[in-house]
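Asks: For reference, the chains in residue letters:
2 protein chains.
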Amino acid sequence: MDIFKFKERVDDFLNSYFNDIIKGKQGIELELLINLKDFTMRGGKRLRPLFMILGYWLNSDEINHEVIKASSSLELIQSYLLIHDDIIDESDLRRGGPTYHKMFNYSSKISHDLAIVAGDVANSLAYELLLSSKFPEKNLNKSVYYLTEILKFTGIGQAIDVILPLKSNKNASDVDLVHEYKTAHYTINGPLKMGAALSDFTDVDRIDEYGIPLGKAFQIQDDILGLFGDEKVLGKPVTSDLEEGKITHLIVFALEMASEEDRRTLMRIHGKKGITKEELDLVRDVIKRSGAYDRTIKLMNSYLEKSLEAIPKIAKDQERAKALEEIAHYMVKRNF
Amino acid sequence: MDIFKFKERVDDFLNSYFNDIIKGKQGIELELLINLKDFTMRGGKRLRPLFMILGYWLNSDEINHEVIKASSSLELIQSYLLIHDDIIDESDLRRGGPTYHKMFNYSSKISHDLAIVAGDVANSLAYELLLSSKFPEKNLNKSVYYLTEILKFTGIGQAIDVILPLKSNKNASDVDLVHEYKTAHYTINGPLKMGAALSDFTDVDRIDEYGIPLGKAFQIQDDILGLFGDEKVLGKPVTSDLEEGKITHLIVFALEMASEEDRRTLMRIHGKKGITKEELDLVRDVIKRSGAYDRTIKLMNSYLEKSLEAIPKIAKDQERAKALEEIAHYMVKRNF
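Going down the list, the protein sequences come from chains A and B.
For the first sequence, our numbering gives the first residue as 3, with consecutive numbering after it.
For the second sequence, our numbering gives the first residue as 3, with consecutive numbering after it.
Hints in this document: simulated from the structure, not taken from any laboratory.
Be careful, since some hints might not be right.
Which copy? The list can't say, so a pair holds if one copy fits it or any two copies do.
Stated by the list, open to error - Here are the computed lysine-lysine pairs in the DSS-like style, where the Cα-Cα straight-line distance is at most 27 Å:
(1) Lys248 x Lys27
(2) Lys300 x Lys169
(3) Lys39 x Lys169
(4) Lys274 x Lys324
(5) Lys318 x Lys308
(6) Lys275 x Lys318
(7) Lys275 x Lys111
(8) Lys279 x Lys324
(9) Lys335 x Lys104
(10) Lys315 x Lys104
(11) Lys315 x Lys140
(12) Lys274 x Lys169
(13) Lys27 x Lys169
(14) Lys7 x Lys172
(15) Lys140 x Lys172
(16) Lys279 x Lys7
(17) Lys136 x Lys324
(18) Lys324 x Lys9
(19) Lys7 x Lys318
(20) Lys274 x Lys335
(21) Lys71 x Lys140
(22) Lys39 x Lys71
(23) Lys47 x Lys274
(24) Lys169 x Lys25
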């Protein structure tokens, strides 16, 4: 089972969904929804719907229209969170275009206000879409409940992330907590569980053992790509994580393990605006030389290992075991 | 049936609910939740839970703990919306204390960011709480679905409200639209329907005919109190709606009906900061003299009338009809 083949069906569904909800609307409601459509359709890998489809498939063979519909709700959730994130991070660019609050021709204040509201609207549209998909009421109910759990975790993770820069001694467990709350539940584990709940999978929480470590491994890989990846493949400047002052295992380990001089170099460049190619190379060198790079790779692999070990507990046959294994490897080897 | 007698049970439930979710938490999560508890417990009239209880009672006699629990979720929704509203309106005071984003000792930027996130967390807590109440899954899913509808309407209403000051010719139908979207669905009609759905009320949408006009009448009464009410009873300066430049029927009608001189006076004072007692009296005079006051009262009464006429369609017995009638009259006669 190759879950990526469903990406097109999710995209097609979302496209016709937006056309439906836009129909007959006018004024600011129309403007808000058209921008939401553009913002949502511009992205992306549709990872969360695909993991939800995978979760459903764990206990069911047919991926019908209702599964596509229910899982597409996670792209509305993704837009909701990204819209609010981009306000918080004061970002101008997202998915190769303007962030949501930069899509309006109003004053900055009004555009920000509309973006807060549009994020909130996207949240209710997501719940509405999920609830309107046709599944046994009990299963649907459970799936929506998992969605609330994901969003609670994501919110707390976001709050931790917001105040992390203020903390003087950041350590690996802070980073790990943000990864667990902001990524592991949200991107992989939660969607898997939402899908599994829809197909009446028994004891859905078993999936945690696979989904949480895999989510953490995925986020570590994401952080590595954010600093060592290929700009053309990434679609964003490879200096942006560094300029943003993003706190990752690479940074925390390097601050812990590097020589005093290297540490000072790193602290000088980390969070600085307008980082040059030379400074980027300097940081890369410090991270490699200190052993932080290898330690991060090792940590990532240990999480991957953990998730692989959990597969027999959740796969009901060889076909499913193989699919879970393949996707796990893919998530930490990808270079997108 | 006096729904106001349930206020204490809602308050008690919320208090122990917050104590439960705070238990064992630490760091920023704890801080965020403690502030959410304080902010939520500081308000208010609990109108939305009470209307949800009333909606439930339309088809069921017993108001048990689960009904209280489910309806209390609307106070978390209320906190979610107020937190975001207060960011948008740049308000410092709410419910006799600081607005949520003023409750932190961080920088203004970080406090605003935390408030966006805390609003989002309150939203998921509300869904989670509602979904964890014990009702037949079909009813529960329907109730949650109505919640998504309410929040969609409220969001669109909020967006209309955000850009309304930019519109040059504001008329009564703009005001009416905001009232329908932001108040009628959210405060009265939606909660009634959410409660009715839980008790298996047939054809829940019938309630619209009662709830929407009553919600509009209530909002008009609220606008009247905001300009002609007693400051001590209101708990906020009676100039604040005027200083905020709030666009109400009173204002729109007066701009339409007043003499050219009075119109200019009104436009000069409406939206001005630091309005004196004399200026307030001037505005009140203009509104009365122009006939806008009487026209607004008439409009309010026509909405009240409409809602009263719908009662036979939704009340299954005399007791219920009487309760619906009493609460309708109360909502437009209150002076709080």
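Asks: All the hints need checking, so say for each whether the structure fits it.
Replies: Structure-based check of all given hints:
1. In this assembly of identical chains, the alpha carbons of lysine 248 and lysine 27 lie at most 27 Å apart only when taken from different copies (25 Å versus 40 Å within one copy).
2. Within a single copy, lysine 300 and lysine 169 get their C-alpha atoms as close as 26 Å, which meets the 27 Å cut-off; across copies the closest is 59 Å, which misses it.
3. In the homo-oligomer, the alpha carbons of lysine 39 and lysine 169 lie at most 27 Å apart only across protomers (25 Å), although the nearest pairing inside one protomer, at 38 Å, exceeds that limit.
4. For a Cα distance limit of 27 Å, the shortest separation of lysine 274 from lysine 324 qualifies neither inside one copy, at 44 Å, nor across copies, at 68 Å.
5. Proximity of lysine 318 and lysine 308 under a CA criterion of 27 Å is satisfied intra-copy only: 18 Å inside one chain copy versus 59 Å between copies.
6. In this assembly of identical chains, the alpha carbons of lysine 275 and lysine 318 never lie at most 27 Å apart, being 51 Å within a copy and 67 Å across copies at closest.
7. Taking the shortest Cα distances, lysine 275 and lysine 111 sit within 27 Å of each other both inside one copy (24 Å) and across copies (19 Å).
8. For a Cα distance limit of 27 Å, the shortest separation of lysine 279 from lysine 324 qualifies neither inside one copy, at 41 Å, nor across copies, at 76 Å.
9. In the homo-oligomer, the alpha carbons of lysine 335 and lysine 104 never lie at most 27 Å apart, since the shortest distance is 33 Å inside one protomer and 44 Å across protomers.
10. Taking the shortest alpha-carbon separations for lysine 315 and lysine 104, neither the intra-copy value of 46 Å nor the inter-copy value of 48 Å comes in at or below 27 Å.
11. In this assembly of identical chains, the alpha carbons of lysine 315 and lysine 140 lie at most 27 Å apart only when taken from the same copy (24 Å versus 31 Å across copies).
12. In this assembly of identical chains, lysine 274 and lysine 169 lie within 27 Å of each other by CA distance solely inside one copy; the values are 18 Å within and 42 Å between copies.
13. Taking CA atoms no more than 27 Å apart as the test, lysine 27 paired with lysine 169 passes between copies only; the shortest distance there is 18 Å, against 47 Å inside one copy.
14. Within a single copy, lysine 7 and lysine 172 get their C-alpha atoms no closer than 40 Å, and across copies no closer than 50 Å, so neither meets the 27 Å cut-off.
15. Neither within a single protomer nor between protomers do lysine 140 and lysine 172 lie at most 27 Å apart by alpha-carbon distance, with minima of 43 Å and 47 Å respectively.
16. Taking CA atoms no more than 27 Å apart as the test, lysine 279 paired with lysine 7 passes in neither setting, with 37 Å inside one copy and 68 Å between copies.
17. Proximity of lysine 136 and lysine 324 under a CA criterion of 27 Å is satisfied in neither setting, with 29 Å inside one chain copy and 39 Å between copies.
18. Only within a single protomer do lysine 324 and lysine 9 lie at most 27 Å apart by alpha-carbon distance; the minimum there is 20 Å, versus 55 Å between protomers.
19. With identical chains, the CA atoms of lysine 7 and lysine 318 are at most 27 Å apart within one copy only, with a shortest distance of 22 Å there and 53 Å across copies.
20. Taking CA atoms no more than 27 Å apart as the test, lysine 274 paired with lysine 335 passes in neither setting, with 29 Å inside one copy and 60 Å between copies.
21. Proximity of lysine 71 and lysine 140 under a CA criterion of 27 Å is satisfied in both settings, with 18 Å inside one chain copy and 19 Å between copies.
22. Taking the shortest alpha-carbon separations for lysine 39 and lysine 71, only the intra-copy value of 16 Å comes in at or below 27 Å, while the best inter-copy value is 36 Å.
23. In this assembly of identical chains, the alpha carbons of lysine 47 and lysine 274 never lie at most 27 Å apart, being 30 Å within a copy and 49 Å across copies at closest.
24. In this assembly of identical chains, the alpha carbons of lysine 169 and lysine 25 lie at most 27 Å apart only when taken from different copies (23 Å versus 48 Å within one copy).
In this structure, the earlier hints numbered 4, 6, 8, 9, 10, 14, 15, 16, 17, 20 and 23 are contradicted, and the remaining ones agree with it.
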